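Number of protein chains: 2
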Amino acid sequence: MNFKIFNSDSKSGARTGELKLNNIKVKTPFFMPVCTNGTPKAIDIKTLDLIGYEVIVCNAYHLFLRPGSDYIKNSFGSLHRFSGWSKGILTDSGGFQIWSLGSLVKIEPEGVLIKSHIDGSLNRITPEKSIKIQEDLGSDISMIFDDCPKPDSEYSILLESINRTREWAEKCKKSKKSNNLMFGIVQGGIHNDLRKMSANHMIDLDFDGYAIGGLGLGEGPDKTYEICENLNSILPKDKPRYSMGIGKPEDILESVARGVDIFDCVVPTRNARNGTVFTFNGKINIKNAENSSKDEPLDVQCECKTCKNYSIGYIKHLYSCREISAIQLMTECNLNFYHKLIDNIRFSIDNGTFMEYKKFFLERYLNE
Amino acid sequence: MNFKIFNSDSKSGARTGELKLNNIKVKTPFFMPVCTNGTPKAIDIKTLDLIGYEVIVCNAYHLFLRPGSDYIKNSFGSLHRFSGWSKGILTDSGGFQIWSLGSLVKIEPEGVLIKSHIDGSLNRITPEKSIKIQEDLGSDISMIFDDCPKPDSEYSILLESINRTREWAEKCKKSKKSNNLMFGIVQGGIHNDLRKMSANHMIDLDFDGYAIGGLGLGEGPDKTYEICENLNSILPKDKPRYSMGIGKPEDILESVARGVDIFDCVVPTRNARNGTVFTFNGKINIKNAENSSKDEPLDVQCECKTCKNYSIGYIKHLYSCREISAIQLMTECNLNFYHKLIDNIRFSIDNGTFMEYKKFFLERYLNE
Chain B
985 MNFKIFNSDS
995 KSGARTGELK
1005 LNNIKVKTPF
1015 FMPVCTNGTP
1025 KAIDIKTLDL
1035 IGYEVIVCNA
1045 YHLFLRPGSD
1055 YIKNSFGSLH
1065 RFSGWSKGIL
1075 TDSGGFQIWS
1085 LGSLVKIEPE
1095 GVLIKSHIDG
1105 SLNRITPEKS
1115 IKIQEDLGSD
1125 ISMIFDDCPK
1135 PDSEYSILLE
1145 SINRTREWAE
1155 KCKKSKKSNN
1165 LMFGIVQGGI
1175 HNDLRKMSAN
1185 HMIDLDFDGY
1195 AIGGLGLGEG
1205 PDKTYEICEN
1215 LNSILPKDKP
1225 RYSMGIGKPE
1235 DILESVARGV
1245 DIFDCVVPTR
1255 NARNGTVFTF
1265 NGKINIKNAE
1275 NSSKDEPLDV
1285 QCECKTCKNY
1295 SIGYIKHLYS
1305 CREISAIQLM
1315 TECNLNFYHK
1325 LIDNIRFSID
1335 NGTFMEYKKF
1345 FLERYLNE
Chain D
985 MNFKIFNSDS
995 KSGARTGELK
1005 LNNIKVKTPF
1015 FMPVCTNGTP
1025 KAIDIKTLDL
1035 IGYEVIVCNA
1045 YHLFLRPGSD
1055 YIKNSFGSLH
1065 RFSGWSKGIL
1075 TDSGGFQIWS
1085 LGSLVKIEPE
1095 GVLIKSHIDG
1105 SLNRITPEKS
1115 IKIQEDLGSD
1125 ISMIFDDCPK
1135 PDSEYSILLE
1145 SINRTREWAE
1155 KCKKSKKSNN
1165 LMFGIVQGGI
1175 HNDLRKMSAN
1185 HMIDLDFDGY
1195 AIGGLGLGEG
1205 PDKTYEICEN
1215 LNSILPKDKP
1225 RYSMGIGKPE
1235 DILESVARGV
1245 DIFDCVVPTR
1255 NARNGTVFTF
1265 NGKINIKNAE
1275 NSSKDEPLDV
1285 QCECKTCKNY
1295 SIGYIKHLYS
1305 CREISAIQLM
1315 TECNLNFYHK
1325 LIDNIRFSID
1335 NGTFMEYKKF
1345 FLERYLNE
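Top line first, the protein sequences correspond to chains B and D. If you're matching positions, the first sequence starts at 985 in this note's numbering and goes up one per residue. If you're matching positions, the second sequence starts at 985 in this note's numbering and goes up one per residue.
Read the hints as simulated data drawn from the structure, not as lab findings. Computed from a prediction, not measured in an experiment: that's the story for all the values here. One thing to keep in mind: the hints can contain errors.
The list makes no distinction among identical chains, and a pair is therefore deemed to hold if it is satisfied within one copy or across any two copies.
[Said to hold, decoys possible] Mimicking PhoX-like on lysine-lysine, the simulated pairs with C-alpha atoms at most 25 Å apart in a straight line are:
1) K1343 with K1324
2) K1278 with K1116
3) K995 with K1116
4) K1090 with K1116
5) K1271 with K1030
6) K1289 with K1071
7) K995 with K1271
Whenever a hint applies, use it, and build me the whole structure from the sequences.
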């Protein structure tokens, strides 16, 4: 067993556990910083290690296009070696990116024909090819290649998509050669019956973990939580669950309460670039004029490099001057916040106070 | 005395010494990373401290315009406090920037009328005002407000400019209220007679140090070194000399050989953004295709974070993806290189082997 549960919350679906990867054991729930191209945005990958992160999510599709997954394998041996990141790597297969980047040219029974968003070249990605790419990269967890239409697509399209995802998932599993973990992906848009069908498809194929795909794409938080809640009773308790692309701090807490163990999201890095900083007392928009004269850290209780060394007023000045250091400092603070939040969540589950912590956090965080 | 000399090289004008600032004593020669807006480009100011830098150069004119020097004084007390940099700060008065940014509207006897490059507002900068700005910022070394025409301007314009610089220098000195050091600036373009006149103007006014301004602006290295060489015999030996905006590694070595103690230059940070990395074996252009497969650090002997953690191939990939981390990693490596170079220079002067080190360095550095 690669996954074991330590504690389950009596008042919610929250649980703590441990997931065994190739080189490390990682405590769950955990959050993975997004490293699409093999680096986080605005800071270097070593900084993630210093903050305390243990697993990152990279994008197999992006790395296949540039610099090339075969290239990484042949010249460097693995993505770990290439990026200098020796801890855990989960690779997203790229199903979602193919749709969201508008790269899709044609869906074929065997896979998809895509046009590179970088150089316009045509490439065919099949489930087998996607797993080959991920195994060339040598990630610790690979994701099946899924069909990921918009969540508000017509019912018939979503039904077709979960059947296609099942076929592709089976092919992915069959083509697996490495000892790495492989996670299935539940699709089905906003329809609970389709989600249930898709979950059962994946469970039948018996994966090392189950991801919920296609959420956080405009369906609204209530729907996100409802789908999560329903899947909580279907997905096997003894396997880790990963909510892809989720989310905002409140989404993470609500998802943990519904049994989710693994998260990734661009929010901490992307919002830093837009001038938003997360703190336990609420979000700060660095652009606000009132921040100019503040001679205090972003979060007085935060222990990150940014908060230990710099004031809000200084960071606002750097942001106004369009200095890269502004983005870097806010990114580091946001990733520290996410790390600390998930740390607090684990701590509270182990202590039997998760629902109290959730309430305490949301009151402070949302009221400002 | 704020400056004392430890060792003078018998075969050149090179010397080591120590300059006393408000809070620290700094070994000379030293190099100051450029922090125009109160931050280095692409990395945060704390990283300069970790590399080992002790003095930075900030731009009084830029900080006057944004966020405002009075504002820094009133809300934060000083630029040290505002930026989180507790070691030495030299502020450039901004004479050069006013010309180079095209902000100059009119030269008046009392000073200049300028139009902000940020918001188009009109401001009058006088010598007295420039010193007030620098004292509001609380820098350790302030520079006189100088008239800085292009070095290839007509002789009559350059003559007028050194006379104006003398007048303004006198006013700067008279208006000084703090205990901080103040450096004069020698102008005179490419004409040795004007340079000599300007040097004597400054010496008559008795400053804590003497800067050579208006060099490295297209006059060519031979002319730069010639002017430097001639000034070496005029400027008082017991005061520090600062070659403003110089320079490339070879320029620093040649200038040290001609008695210069202090340097600043945008080259290590700007060239990083353009993909150029400095190493003791020569420059690396990260964009070169051959770098893609290199699984080795930029400089195998370098001990910076970049070289300890990342390969050339990975950094090239990040640069190709336009990731900020590429710029950040190359900037950090370049600033480490400059720090190590000046360290080696000081070491060799103290050991009586400066000219041998200069030859050894240039052979390795220029031959690749």
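Status of the hints after comparison with the structure:
1. Proximity of K1343 and K1324 under a CA criterion of 25 Å is satisfied intra-copy only: 16 Å inside one chain copy versus 53 Å between copies.
2. In the homo-oligomer, the alpha carbons of K1278 and K1116 lie at most 25 Å apart only across protomers (23 Å), although the nearest pairing inside one protomer, at 52 Å, exceeds that limit.
3. Taking CA atoms no more than 25 Å apart as the test, K995 paired with K1116 passes in neither setting, with 42 Å inside one copy and 64 Å between copies.
4. For a Cα distance limit of 25 Å, the shortest separation of K1090 from K1116 inside one copy, 21 Å, qualifies, whereas the shortest one across copies, 67 Å, does not.
5. Taking identical chains as interchangeable, the C-alpha atoms of K1271 and K1030 lie at most 25 Å apart only when they sit on different chains, with a minimum of 23 Å there against 28 Å within one chain.
6. For a Cα distance limit of 25 Å, the shortest separation of K1289 from K1071 qualifies both inside one copy, at 22 Å, and across copies, at 18 Å.
7. Taking the closest pair of Cα atoms, K995 and K1271 never come within 25 Å of each other, the shortest separation being 40 Å inside a single copy and 56 Å across copies.
The structure does not agree with the numbered hints 3 and 7 stated previously, though it agrees with the rest.
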